[in-house]
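Q: Letter by letter, the chains look like this.
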Amino acid sequence: MTEDQQVDQAASMSVVDPAGVRLADSRITFADRLDHLLARWGYRRNWHRVEPGLYALGNPTPDVPVFVTANYTLSFDALRSALAGVDGYILVLDTKGINVWCAAGKGTFGTEELVRRIEATRLSRVANHRRLILPQLGAAGIAAHEVRQRSGFRVKYGPVRAADLPKYLKRGRATSEMRQVRFTLTDRLVLLPLALVHALLPAAIGAAVLFLLAGPGASLAVIAAVLAGVALFPLLLPWLPSSDFSLKGFILGGLVALPFALVALLGNPATAWWVRAGEALAYLLVFPPVTAYLALNFTGATTFTSSSGVKREMLTYIPVMAGMFGFGVALTLGLFLAILVGG
Amino acid sequence: MPVSTISINTLRYDSELCNGCGMCTMVCPHAVFAPNGRVAQLVRPEACMECGACRVNCSTGAISVDSGVGCAAAMILAALTGKKEVSCGGDTDASCCG
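If you read the sequences in order, they're chains Y and Z.
Sequential numbering of the first sequence, starting at 39, is according to my numbering.
Sequential numbering of the second sequence, starting at 714, is according to my numbering.
This is chain Y alone, in the form it adopts within the complex (with noise of 0.2 Å):
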């Protein structure tokens, strides 16, 4: 895959002027709409780029403010729909496709990478002022006072929604509400396709084996397992008790269970009691765990874990899951080498 071919088509719309600045408009046309849509899906996840460097919006003169954003087509994009209007330039960084916060915290959203392109984009000559806005969850990556040092520029932090801009520049600083993340029932619910594309390949085989193994309905009970920790999970976030993604997770995976566990329990009273109670007890103890992780790996996806945190949840809960999993299957071999002995 070469360069050119990752290049998305917002980019490649644009004209390249002869001093080098490419032209981009506020314009979300079908085929960006398209793009998004594909990005959400996780569909060539390398391919939502837009060519690093200098974009001209509307008509600029060398008085406009100069905006920062990454090459990812979902960010560029909410940024230059968003300046509707508004006679600026765009400096987009390399950041290889990944959208600003990610970039920054992994730093090629970064204070060097932002210095290299001021100075290969000749910014100092095109503006004759020396003021940049950046989005405000690029400062994880962004050390202000060098940027300053090294370039000359004095680096000005807009609000964390590109959404907010025009509010942002009436009023020549942003408000608390705009400094603040959040994470509404749309911003987990975009990111359920991708999490339905991730989960869909290892529940199906799981699927597969439990339905040769076990009957439909352990197949089944894997299948509601894994829809509950990828997709029931975040939408229900902040309305499940608890404040542990893992406990949260088992709350919600022992529901889905439970259904599986009462009708393995009631549903065939001419079984012996005590095999009815093993399946019963089987459901109960091998799929919440596999909620509880599911919903323990969401937390790289929300917008307030911390690093320290997970960490303490890890310890404290991936035991309890392996424990019960285990347990689980353990039980569930037992009672088939006593049906199997027993007749």
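Since the hints were derived computationally from the structure, they do not count as laboratory data.
Keep in mind the model is a prediction, meaning the values are calculated, not measured.
All C-beta atoms in this analysis are idealised placements derived from N, C-alpha and C, irrespective of residue type, glycine included.
Calculated lysine-lysine pairs in the DSS-like style (CA-CA distance at most 27 Å, straight line): (1) Lys134(Y) / Lys194(Y); (2) Lys194(Y) / Lys205(Y); (3) Lys796(Z) / Lys134(Y); (4) Lys796(Z) / Lys349(Y); (5) Lys797(Z) / Lys349(Y); (6) Lys194(Y) / Lys208(Y); (7) Lys134(Y) / Lys797(Z).
Rough simulated footprint, nothing fancy, chain Z against chain Y, three-plus residues with beta-carbon under 8 Å: (8) 209 to 222; (9) 344 to 355.
Covered by chain Y, per the in silico footprint, the following chain Z stretches (three or more residues, Cβ under 8 Å): (10) 730 to 742; (11) 756 to 764.
Keeping the supplied structure of chain Y fixed, place chain Z upon it in accordance with the hints.
A: For chain Z alone, kept in the frame of chain Y given last:
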């Protein structure tokens, strides 16, 4: 939304070193710092997600925090592959964050 899964974190702030530039109050996405007269004040330490933005932008070194990704998937992957650095995916192989 729960404030955080965390009551313990690695955020440390020394107000003696603060020059009152206000940068930490601007970059923090969880309003952990607030302006308070001459120096910044730590008002919601429990909400810190250890992103490191305040430390990186503090020119006097008044803030320390072990920043890292609060992501179990990344930590499990690092543990399984024996990698020291816990981060979002590799440079070429794209996972959640690429």
